[in-house]
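**Student:** Chain by chain, the residues:
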Amino acid sequence: DAGVIQSPRHEVTEMGQEVTLRCKPISGHNSLFWYRQTMMRGLELLIYFNNNVPIDDSGMPEDRFSAKMPNASFSTLKIQPSEPRDSAVYFCASSDVDKHGYTFGSGTRLTVV
Amino acid sequence: AQKITQTQPGMFVQEKEAVTLDCTYDTSDPSYGLFWYKQPSSGEMIFLIYQGSYDQQNATEGRYSLNFQKARKSANLVISASQLGDSAMYFCAMRLNQAGTALIFGKGTTLSVSS
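In order, the protein sequences belong to chains L and P.
Number 113 marks the last residue of the first sequence (the numbering used here); no jumps.
Number 228 marks the last residue of the second sequence (the numbering used here); no jumps.
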């Protein structure tokens with residue numbers, strides 16, 4: 001099992017540019033979560049999906065953020081346009097609703113300059 | 114609303130000693146799960162231990178144990194025989210026991226183990 005795979009590991013972009021973060025959950029897991037981690041705010045839930053359907057996006061900070069899960073093996077988090085305050089580590093996690101484990105990816109460190 | 118509180122920003126312990134990291138939670142739901150994760154300086158999130166609200170016994174996983182006091186709504190992590198490699202950030206998290214519900218995290222506690 002390769003675990004949850006996130007790409008890229010690091011992203012540096014200029015303010016105003018579009019950024020797309022990618023996530024491949026563990027095969028068979030039916031829930032997927034996007035979190036953002038900053039020093040000031042800690043780990044915040046942005047959005048999560050069950051069976052590819054968005055369940056709760058109340059944590060998405062602004063309309064500049066959007067997330068999709070077109071199939072069970074892929075999800076994207078897009079920021080357009082990006083701003084310096086979006087700089088953070090973005091984690092993707094997946095879980096099997098029948099079990100207790102939540103597995104996190106290695107995260108994407110985003111820097112917007 | 115559900116909430117997780119970790120009141121210790123930083124903790125210091127010497128090798129081989131035991132340490133307790135505090136966590137309190139708030140929920141009106143009778144069914145929930147409590148988790149602890151470790152985040153070393155490399156950044157990955159490592160699952161340590163899980164406790165269900167209806168579990169009769171405190172969870173244990175190797176050197177980790179969870180001191181679950183339901184009436185006080187606390188779920189403290191106890192690490193026995195600390196090792197240098199235990200130095201990391203530790204997060205307490207809660208999930209309501211509904212299908213596919215997300216984890217809500219506390220702010221974390223930084224543990225430093227010295228020799």
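These are calculated hints, taken from the structure and not from any lab test.
Every residue, glycine too, gets a C-beta built ideally from N, C-alpha and C.
Wrong hints could be hidden among the right ones.
Claimed, not checked - In the EDC-like style, the derived pairs of lysine to aspartate or glutamate whose C-alpha atoms are separated by at most 16 Å in a straight line are:
(1) 183/P to 128/P
(2) 78/L to 57/L
(3) 220/P to 57/L
(4) 116/P to 44/L
As the list claims (entries may be wrong) - Residues on chain L that point at chain P, a partial pick, calculated with CB under 7 Å:
(5) 43
(6) 88
(7) 111
**Student:** Please list, smallest to largest, the hint numbers that this structure does not respect.
**Tutor:** Violated hints: 1, 3, 6, 7; rest satisfied.
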